[in-house]
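Student: So you can see what is in the structure, the chains are spelled out below.
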Amino acid sequence: MDYQLSSDQVKLEQDIAAFCSAEIAPRAAKLERSPAREKDALMRDNLKRLGRAGWLAAGHGPDGMDLVTLYLVGEATARACPATFISMRASTFLCAGAIRLFGTKAQKDRCLTGLLSGETVGALAYSEDQAGTDMAGITATAREDHGTWLLSGTKDIVVNAPMADLFLVLAWHDRPAGPDSGMSLFLVEKKAEGLSVGHRVETMGLKGAPLASVTLDGCASAGILGDVPGQGLGQMKRLMAMGAVGMAALSVGIGMACMEISTAHAKARMAFGRKIGMFQDVGFKLADMFAYNDLGRMLALRAAWGFNTGDREADVLASCAKLFAGEAATKIVNWGMQIFAGHGYLAGTDMERLYRDAKFGEICERTSEMLRQEISQQELDRFVTA
Amino acid sequence: MDFTLTQEQKLFRETVYRYGRDEVAPLCEEADLRGEFSFEIWNRLASFGIFGLPFPEELGGSGADIVTCCLAGEALGHAGVDGGSLLAWGAHTYLCAHNIFTFGTDEQKKNYVPKLASGEWIGCMGLTEPGSGSDAASMRATALRKGDRYILNGTKTFITNAPVSDVYVVFANVDRARKHEGITAFIVEKGTPGLSTSTPFHKMGCKCSATSEVIMEDCEVPETNVLGGEGKGWIIALSGVEWDRCTLLSPMLGAALFNLDACARYANERHQFNRPIRSFQAIQHRIADMKVFIEAARLAIYRVASAKDRGQMLNPLQAAVSKVYAGDRGFEMASEAVQVFGGYGFMHEYPVERNFRDSKLAAIGGGTSDIMRMIVSRIMMM
Numbered sequence: 001m002d003y004q005l006s007s008d009q010v011k012l013e014q015d016i017a018a019f020c021s022a023e024i025a026p027r028a029a030k031l032e033r034s035p036a037r038e039k040d041a042l043m044r045d046n047l048k049r050l051g052r053a054g055w056l057a058a059g060h061g062p063d064g065m066d067l068v069t070l071y072l073v074g075e076a077t078a079r080a081c082p083a084t085f086i087s088m089r090a091s092t093f094l095c096a097g098a099i100r101l102f103g104t105k106a107q108k109d110r111c112l113t114g115l116l117s118g119e120t121v122g123a124l125a126y127s128e129d130q131a132g133t134d135m136a137g138i139t140a141t142a143r144e145d146h147g148t149w150l151l152s153g154t155k156d157i158v159v160n161a162p163m164a165d166l167f168l169v170l171a172w173h174d175r176p177a178g179p180d181s182g183m184s185l186f187l188v189e190k191k192a193e194g195l196s197v198g199h200r201v202e203t204m205g206l207k208g209a210p211l212a213s214v215t216l217d218g219c220a221s222a223g224i225l226g227d228v229p230g231q232g233l234g235q236m237k238r239l240m241a242m243g244a245v246g247m248a249a250l251s252v253g254i255g256m257a258c259m260e261i262s263t264a265h266a267k268a269r270m271a272f273g274r275k276i277g278m279f280q281d282v283g284f285k286l287a288d289m290f291a292y293n294d295l296g297r298m299l300a301l302r303a304a305w306g307f308n309t310g311d312r313e314a315d316v317l318a319s320c321a322k323l324f325a326g327e328a329a330t331k332i333v334n335w336g337m338q339i340f341a342g343h344g345y346l347a348g349t350d351m352e353r354l355y356r357d358a359k360f361g362e363i364c365e366r367t368s369e370m371l372r373q374e375i376s377q378q379e380l381d382r383f384v385t386a
Numbered sequence: 001m002d003f004t005l006t007q008e009q010k011l012f013r014e015t016v017y018r019y020g021r022d023e024v025a026p027l028c029e030e031a032d033l034r035g036e037f038s039f040e041i042w043n044r045l046a047s048f049g050i051f052g053l054p055f056p057e058e059l060g061g062s063g064a065d066i067v068t069c070c071l072a073g074e075a076l077g078h079a080g081v082d083g084g085s086l087l088a089w090g091a092h093t094y095l096c097a098h099n100i101f102t103f104g105t106d107e108q109k110k111n112y113v114p115k116l117a118s119g120e121w122i123g124c125m126g127l128t129e130p131g132s133g134s135d136a137a138s139m140r141a142t143a144l145r146k147g148d149r150y151i152l153n154g155t156k157t158f159i160t161n162a163p164v165s166d167v168y169v170v171f172a173n174v175d176r177a178r179k180h181e182g183i184t185a186f187i188v189e190k191g192t193p194g195l196s197t198s199t200p201f202h203k204m205g206c207k208c209s210a211t212s213e214v215i216m217e218d219c220e221v222p223e224t225n226v227l228g229g230e231g232k233g234w235i236i237a238l239s240g241v242e243w244d245r246c247t248l249l250s251p252m253l254g255a256a257l258f259n260l261d262a263c264a265r266y267a268n269e270r271h272q273f274n275r276p277i278r279s280f281q282a283i284q285h286r287i288a289d290m291k292v293f294i295e296a297a298r299l300a301i302y303r304v305a306s307a308k309d310r311g312q313m314l315n316p317l318q319a320a321v322s323k324v325y326a327g328d329r330g331f332e333m334a335s336e337a338v339q340v341f342g343g344y345g346f347m348h349e350y351p352v353e354r355n356f357r358d359s360k361l362a363a364i365g366g367g368t369s370d371i372m373r374m375i376v377s378r379i380m381m382m
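Respectively, the protein sequence lines represent chains X and F.
Here the first sequence stands for residues 1 to 386, where the numbers follow this note's numbering.
Here the second sequence stands for residues 1 to 382, where the numbers follow this note's numbering.
Just chain F, same shape as in the assembly (with noise of 0.2 Å):
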């Protein structure tokens, strides 16, 4: 047993964390109110080399391990870069880029990898459905086999980056009467005829990443676009969790950090009956729940993170009680941070109000914390 960080990661997080504080977070405000998609934190993102972190050099990545991964979300949360430039991030490397780096031909590695780990291109993937979310087996989207190519028909939806994507990773049925047998996944480039994407929804949260529908209306690719071969669709699928469940919440232990920190710094400042609010019980409780909060949590992540770093098998039971936790936990305590901040936590220009619109998604995206109590009861009935 061993929780420490080597003074690498200590050091990496320092830095990365300065950066996001400095360059990226003034940032966010204005592009969370325009709630559009903003390729200037992209940018300053992509310059920081946050695309490439667990790639090898060769592609154009710095080979970091998946604590040092979670260690960049936690920081950029923490430095107050908002949750939708921070889940852009993480759909683009970890399930569009990773995906094609972990199962894809030398060739589609050679294509695909270095540029999106640069950030020179931007990655989806897009499995969920208007009609399909956590039973993703029953998508009805379909790939028909015509000689040498295949043709794609169906409608994805909630897809983080489709509308500034350059590949898309799709998941669509080659023979739905072999349910998830016959799922197989495929990159689609932008600019291929019959693949387009609807208008942007505007979202409750995380308005700084582009989520829409994928439209694919005879969408031709030829098969050495499949990733991973015909009918391993689902076991990609099922790989992200891996990633859903450590450092695509890693953001939304940072974001607890910044609020805490915030909290604390306003309990201090803020006087009400010529005392500092700090002085109050009720708020030095909430101080007190956000810390445990983050503690637990951070446990719950790193715990993921560093049994797949050692090459272990996902523990589902550990990976749920991950998300749950910080999804559901993470909402309420980022709900106190507002009361915290009173009439001024209502305010657009205070981020605990972006954090607590934020913070929601993690118990809805990537399996929802209903879900995740499923797997655990049944894990448990069996």
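The shape of chain X in the complex, shown without the other chains (with noise of 0.2 Å):
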């Protein structure tokens, strides 16, 4: 048993922040309040200054993903920038890392270059207006003609939908068949003629990364992923299962950003003639920032190392990482505002930003509430009476 990172994780961690740092977090507030042109433009540089450094291809392999190297490189740019690594996880995880667990060979060879890169930007489509855990609640469809399938339907809210050249779209071939055997992934690419994007959707948080609906209207696919049809749900689930380590990633990599500007403010702001972190109202917050960090990012490594070795257990501790890493980060913000208090509620501070970035983590690829829902299943049916 031996809960360290090797030394080349350390230094791999060390230089991924050292990156960041330097490349990304100075940008992340200006990128927040840029008029949407010019976001999407910071964006796609943001991505291209990743992709050239190596750091959107760390974890890929010939075979699959290294999902603890991906959970490092995730957090440094979460902690930098939490709305770059949303639109860099669209792009490498959820978009290249379908293709590079799914996909056939040509499929890799013709589009993971490009979006590792960060040459092309991917995305994925999925989640619609009546349907988002309940995937088999979507209604898009495909139909085959002459050997090319042809998509409609609304995806709602696709991050990266903006500025994506490529989009992996979730859609029924055989609604007779069931969702189990009914639906399929398609690539689709932004040039395919059917293909709208939306306008862009403004959120809460989390306002440098670029959300759009997607709209197909009898819109040529090149092709389903994997080339075998009727494998959608389970491969959605397969990344969806995965993606909880990066959701974690997002939600500590806020959680420690949060504790550091904390820190550093409780160490420089005085009051009635103290540091205020020498008060224990607000030093026990900047403890349970540092606990919360510390038992999520450990929730994650366990996880992420337990897909990398094949672990049964890797889904459910997957889950519980980002459970508990999403409610974390809601709590570390909030004691973070109430430590800058006045001056974290000024429009355009660190602390007003993280503020808002932080709750997408108790919402995104399953609410808090469908992990519990989950979690709880699989230890009660461990007691199920006849």
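Quick caveat, the hints were computed from the structure, so don't treat them as lab data.
Check each hint, because a few of them may be wrong.
[To be verified] Residues on chain F that point at chain X, a partial pick, calculated with CB under 10 Å:
#1 Thr6
#2 Leu260
#3 Cys263
#4 Tyr266
#5 Ile294
#6 Ala296
#7 Gln312
#8 Val321
For each residue, glycine too, the CB sits at the ideal point set by N, CA and C.
Taking the hints as your guide, dock the two standalone chains into a single complex.
Tutor: Dropping the structure here:
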């Protein structure tokens, strides 16, 4: 048993942290406040920077992904700029990762180089107006016409949609077959006729990450992911299970960023002749921030290691990590706001931005409520009576 | 990074779990109700070799690593052995016997460790006083040197195992002006003139461990009973913290596993409104929270244990996280377990009631949660 990162992993952690504090963090506030067009240009540039330095491809190997590496890179990126992480993750994990895991050799050869260098941007379009975690509730359909799958439907909240070059789209190709074999993920290129991206959606937090709806109107797809129809739901479930590690990376990254600025403030701000951090009300909040970040990170790394080693518990551990870290982050930003008080409530401050960003971790890709339900089923099923 | 247990460790955990469930746990309900130390439980734990786990074979132990010691605590708690009996074990093995093993002379080790490892003798450690808890350096107990002997005076309180102990490791100051540098540890045997214990306290939880004051009135011990050298007591006392943050917390993790099993089983069996209560989300969500707590606490506790096995210095931040989380969140989760059982959970015959009372100790003993937060915040403010 050895809970420590290897020296290579520690080095990687230091390198990505140094890169992010030089290249990504200084632009986080500007990214959020710029007009939409500039935002997208800045985000594309952030992804290119990360790509050129090799960080988008980190953890991607010919046979799969090293989730410990993905977690470490993700946490550091989220710590520097949560919106950049969300955009990066949509492209390199949700899109490129799915292609890595389930794509044919030809699909990998065609798509991955661009996505993992930051030259192209990817997105995953699955949720709809009436369907999120309950993916069988989607209505988008695909029909085959002379060997080409034509897609129709609307996907409502798609990260990266305004700037994506490649979409993975979940749709029914055979509704009577039911969700387990009637759904597939389709590759769709931006230039495909019949694809239109809606207006940019404004969000409460993570404002630097571009979101929009995607409408498909008889749009020709570039093929089924993995070439075999009917795998869509299974692929999505696998992707979401592993993706919980990435969502935990977002939350811990936000928690770490908040702890860092809160600690600095607690040391600098004086009241009644003392640094405010010396009052227990403030100091204990810092301690709780530390504990929650530390535990969330450990849970996420444990789950990531589990995926890397084929641990059967990996899925539920990843759900535990996302649930814990997601709720920890919203508590942490709440404490941080109390420590900054009026100075954190001012628009444009890092504290205020993190406060809004954190909430996403409890919502995206299975709410805390959905996670609790899933985690509990496994425990309850151990004692089913006849 | 490697989170796996060896095959041997897994097998050991399973063996301890079965033994605890079949041979020890059935005795706990009644012993807890009586609120007394149970020699029968003690003897059953002893005959399994639990007390000698961390000591080398030549001193009557089995040379187990710390992770294995934690697995034993976890397995026994999981099996339904009460927190008091496991606390008695912890105070005995880690705070008394292991301190003698680590800091004692060859003579002291030979005299005490084998008898403590077998459980023939029971041991305790006396640090806390009526006026000093977390601020242990302010203790008032004194040790006055007289020739080749020391005269001990003072009162220790909340001493686990004191009423039933054969061997006491007590701390006293040889010169209070020197503050913590004067603190010295002594081995005192039962029956030494001037050594007595008060009537055992009635406690809220962990009732199968006997707790009382240790009173020293002109209690004379030979200088050969000094443990680790004059003025070294503070270092010995601090070293106990390392054990507290892993081995002494592992039974709390075990109790949470017991509660999770009990609640999941009950939620399947219990029907209300024509459906098993497991179908209600309010029940499901409590089960999920327990699972998350268990996984996080497990990582925190075993991280301390495995670092100790690898000979690393205790990381005070990691140690504090382990204590504060297992303590505070563990108590909340034990409360939720009672809630799942409703009225039955309030009844003594359901172990979730006992686990609820027992679990509070983790937020208090060996440094309160507040002290843990103080340690972390001070490091952060440096």
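Student: Next step is simple, just say for each hint if it's right about the structure.
Tutor: Hint check:
With 10 Å as the threshold, the beta carbon of F:Thr6 comes within range of chain X, its nearest partner Cβ sitting at about 8 Å, so the hint holds. Of the supplied interface hints, the one on F:Leu260 holds, with its beta-carbon coming within about 6 Å of a beta-carbon of chain X, less than 10 Å. Satisfaction of the interface hint for F:Cys263 is found here, the shortest Cβ-Cβ separation to chain X being roughly 9 Å, below the 10 Å cut-off. About 8 Å separates the beta-carbon of F:Tyr266 from the nearest beta-carbon of chain X, less than 10 Å, and the hint is met.
Given the 10 Å rule on beta carbons, the hint for F:Ile294 holds: about 9 Å separates it from the nearest Cβ of chain X. A least Cβ separation of about 5 Å between F:Ala296 and chain X falls short of the 10 Å threshold, and the interface hint therefore holds. Given hint, F:Gln312 at the interface with chain X, holds; its Cβ is 9 Å from that chain's nearest Cβ, closer than 10 Å. A hinted interface residue such as F:Val321 counts as satisfied when its beta carbon comes closer than 10 Å to some beta carbon of chain X; here the least separation is about 5 Å, so the hint holds.
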